[in-house]
Amino acid sequence: VESWKPPEPFAVHRSENGEAVRLRLVGELDLASAPGFRDTLFEDLRAGRAVVVDLSELVFIDSQGLRVLLMATEESGANGWELWVRDAFTPIVRRGLELSGVLGLLRTVDE
Amino acid sequence: VKLERQAPTRRWTFSAVPEQVPLIRRAVSDFAREHGVSPETLADVQLAVSEAATNAVLHAFVEREPGTVTVVARASDGMLMVHVIDDGRGMQPRTDSPGLGLGLPTMGQLATRLDVRIPPDGLGTEVRMTFAAPGVRGPGLPEESLDEDRARLVAEVARLAVSTGWPQEGVASLVELLVPAVADICALDVTEAGTMRRLAGLVHRDGRRSRRLAELEPPRPGDDSPLAAALEAGEPWATRLSPELAAQLTGDADGAAWWIVAPLVTEDGLLGVLHCGLSADRGEPGADDLEFLALVAQRAGEGLARAGVVSELRRTRERLAHILDALAEAVTVNDEHGNVVYANAAAVDLLGAESLEELLIAPPGELARRFTITREDGSPVTGTDEFPGHRLMRGLSARPLLTRSVHRETGVDRWLLTKATLLEGPERLAVNIIEDLTEAKDAELRQRFLARMSDVLAGSLEYDQTLRSVADVVVPDLADWCVIDMVEPDGSLRRVAVAHKELDKLRIAEEIERRYPAHSPTSPGMLELLESRGSMLVEDLDDEMLEQDARDAEHLQMLREVGMRSVIAVVMATGERAYGILTLIMAESRRAFDASDQAFAEDVARRAAVALDTARRFSGRA
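Protein chains in written order, with the working numbering: chain V, 1 to 111; chain E, 1 to 622.
Here chain V stands alone, though its shape is the one from the complex (with noise of 0.2 Å):
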């Protein structure tokens, strides 16, 4: 028997560790959840920190996290920011960002 339970809400658990804002998402990133984490995450970017975002809790992203995250590293490209995603996914978010090749576009980190 598989064992299954209901994902976590969403969150962002933010914390500082000097060098880096780390962003750690737990749930899932949709519609629903995705201004909320965009608002965090460009918050962050804004005021030039270095920022970390860890997906390796995230338990589903479709395109509307995408987006964010694509949009964020655009962004960043473009205004000099620091934005990395840990190279750590769940099989599922690992699959949307496979799919909609935005995979090859994050500046990922291997912590």
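Note that these hints are calculated values from the structure, not bench results.
Be aware that a few hints might be false.
Claimed, not checked - Subject to a maximum C-alpha distance of 20 Å in a straight line, what follows is the list of computed SDA-like cross-link-like pairs (lysine to any residue):
hint, chain 1, residue 1, chain 2, residue 2
1, V, Lys5, E, Arg26
2, V, Lys5, E, Gly36
3, V, Lys5, V, Thr73
4, E, Lys505, E, Leu556
5, V, Lys5, E, Glu34
6, V, Lys5, E, Thr41
Stated by the list, open to error - Residues of chain V clear of chain E, computed beta-carbon distances all greater than 10 Å:
hint, residue
7, Ser15
8, Ala20
9, Leu23
10, Arg24
11, Thr40
12, Ser56
13, Glu57
14, Gln64
15, Arg95
16, Arg107
Given the structure is predicted, the values throughout are model-derived calculations rather than measurements.
We put the beta carbon where it would ideally sit given N, CA and C, even for glycine.
Position chain E relative to chain V; hints supplied.
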């Protein structure tokens, strides 16, 4: 028996608002899990359902109250079917909010079969998805309107359109899929910078006419052209061709009998046009043909929308070079070996190079060696390894680095903030943005100095002690050396303070003063200067000046040892009297003073003189 044959079906209705999207996904995935769908397939089902629900919420109720999204899930033999139906305004091209183009192609790739249609009641949009789901049990698939071959073609087009090289790699395959399966002639035009460009053309079994078709100027929407009709309808449009029209569209008189134009319309607007020519023996195209081509056009269009986002990113990078040259910030790009492969005009200037070529041919590290580079705390930055761009290349973190760089030759002193970004591509490049913070940083240092000086001046009423403290505050931020000479009652100068951060250097200065007291090590014209009550600046003191100043070879040797580079001497005076001379010297840091340093030194001297005035009044000293 009849009940057993009925496929298990569940139906939900949600309001079409963002908060409901996770619930729609949850409902379908619970149903799927209950019916034995594997975790891998479940992931695809969730993704596809999420895209469909998101499309309905975002696009079906623009400029109107959110309606409902009805979801139907059905388990069949080895299959899971999900229909997402909204009661919104129906499919239409949108010009606002350019989308990522992820939605439909993603669904097309995830579902074994995808069908977008107008629901039976004629309102809104219905997305029908079928997923291959081994392990799911139920009755066989019900008949669908598209036959298997065409369903496979649509799936194939969807796969092409989401591939990375699309549209450049893949359009040829697209027309090959359609010829001769559904048409004898096929061409694809894509909108580029507002005009149509033909990307592919294929005429069945005719290489010569294929090439001609592929190079033909795309048709413009004239008054009664098939293209105009299709654009107005916003969907595939079939026209019976006259010989003239056939010649015009195919570049050849014996073209097709029927011409179908399918606009590739997405949220981003008209992205392209698919043309299909049908020979007379295929007969007049039916509604099913047009419906099929509408699906093909939709898949191809969604792929173009996504490719547009990606190629926009690439174009942005090409345009970047032009933008960068206009920037005030210096920008350089270095490769993995540390070679500079690009520098904008500001960088050429900032790095003290004569030309871009000089920068580009310089071996790695050569540029850095032209400067004495220290951190904010004065500690040296050795080599280029510590710069953010080089750290990024080695996979290390790269915080912006604030440095003070003094050009070894010119002595120009700059505070530079270097930030770096890694560009991953065919080759790894680090982009460095170097911001000149000299003005801000100098102002900050001077403010800090003035605050400390106020403390010092307020701290003591005793002349010599006060002046020694001033000299100690000046070194090393504002100068390497600070020397203060006071005017004695007989008009001669008496040295009261010499400050330098190293004791050894101080000893040399003391030695010079002891052995050659008539000549200060700074300048011979001190008394003249005192008379003028002004200040003087020697930006670049050369050896010739020292030779003139030196009494003998030994004296010259000692002066050289001090290594003076640049000097400011300023009279400390109030309206009433001149107290002495404040001399600032740059030596081993190789920095050179400029006019703004001179103005600041004058300010410092004035403040010191005012404090001396006050001290004199209180102590009653004449």
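Query raised in the report: What are the numbers of the hints that this structure violates, sorted from low to high?
Result: Per hint list: 3, 8, 14, 15 and 16 violated.
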